[in-house]
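A.B. asks: Its first residue numbered 1, the sequence shown is counted upward by one per residue in full-length UniProt numbering.
Just so you know, these hints were derived from the structure itself, not from any lab.
A hint or two may mislead.
Beta-carbon label-pair distances, calculated as ranges [said to hold, decoys possible]:
{"#": "1", "residue 1": "Gly24", "residue 2": "Ala57", "range": "18 to 24 angstroms"}
{"#": "2", "residue 1": "Met83", "residue 2": "Glu34", "range": "22 to 28 angstroms"}
{"#": "3", "residue 1": "Arg78", "residue 2": "Arg52", "range": "17 to 23 angstroms"}
{"#": "4", "residue 1": "Pro54", "residue 2": "Val7", "range": "35 to 41 angstroms"}
{"#": "5", "residue 1": "Val7", "residue 2": "Arg84", "range": "26 to 32 angstroms"}
{"#": "6", "residue 1": "Glu21", "residue 2": "Met59", "range": "19 to 25 angstroms"}
{"#": "7", "residue 1": "Gly77", "residue 2": "Arg13", "range": "17 to 23 angstroms"}
{"#": "8", "residue 1": "Pro35", "residue 2": "Gly77", "range": "16 to 22 angstroms"}
{"#": "9", "residue 1": "Arg51", "residue 2": "Gly77", "range": "32 to 38 angstroms"}
Heads up, the beta-carbon is just placed ideally off N, CA and C, and yes, glycines get one too.
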Amino acid sequence: MSNSSIVAREAARLAPKYITEMTGRHPERITAVEPDDEGGWIVEAEVVEQRRIPSSADMLALYEIELDLDGALLRYGRTRRYMRGEALSPEAETEQTLNGDANGYGPK
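Whole structure, please, built from the sequences with the hints as guidance.
C.D. replies: Below, the structure is given as structure tokens:
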């Protein structure tokens with residue numbers, strides 16, 4: 001391990017390579033880069049998993065990888081799968097709240 005860690009720009013540059021190696025698909029875009037608690041980076045990227053016609057029906061996925069101080073891959077995983085037409089804004093997320101459903105929780 002070196003004395004200096006990679007910067008966010010380098011983490012974002014490395015992420016597509018790792019995600020392509022792991023999934024066989026090249027990410028369309030990097031959606032987030034943030035430092036982790038140990039000096040490495042957590043990078044999130046959007047990948048087209050299945051192309052459809054129209055393209056608004058493409059199946060997309062968000063992948064998250066964790067890199068160490070030197071940019072080596074520590075962890076990767078798919079965190080979400082959705083259709084391109086679905087918004088990822090907080091308004092699109094269904095908030096769960098206590099209600100009268102059998103399990104006691106359901107959409108607000």
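A.B. asks: So, against the hints stated earlier in the document, which numbers end up violated here?
C.D. replies: 9
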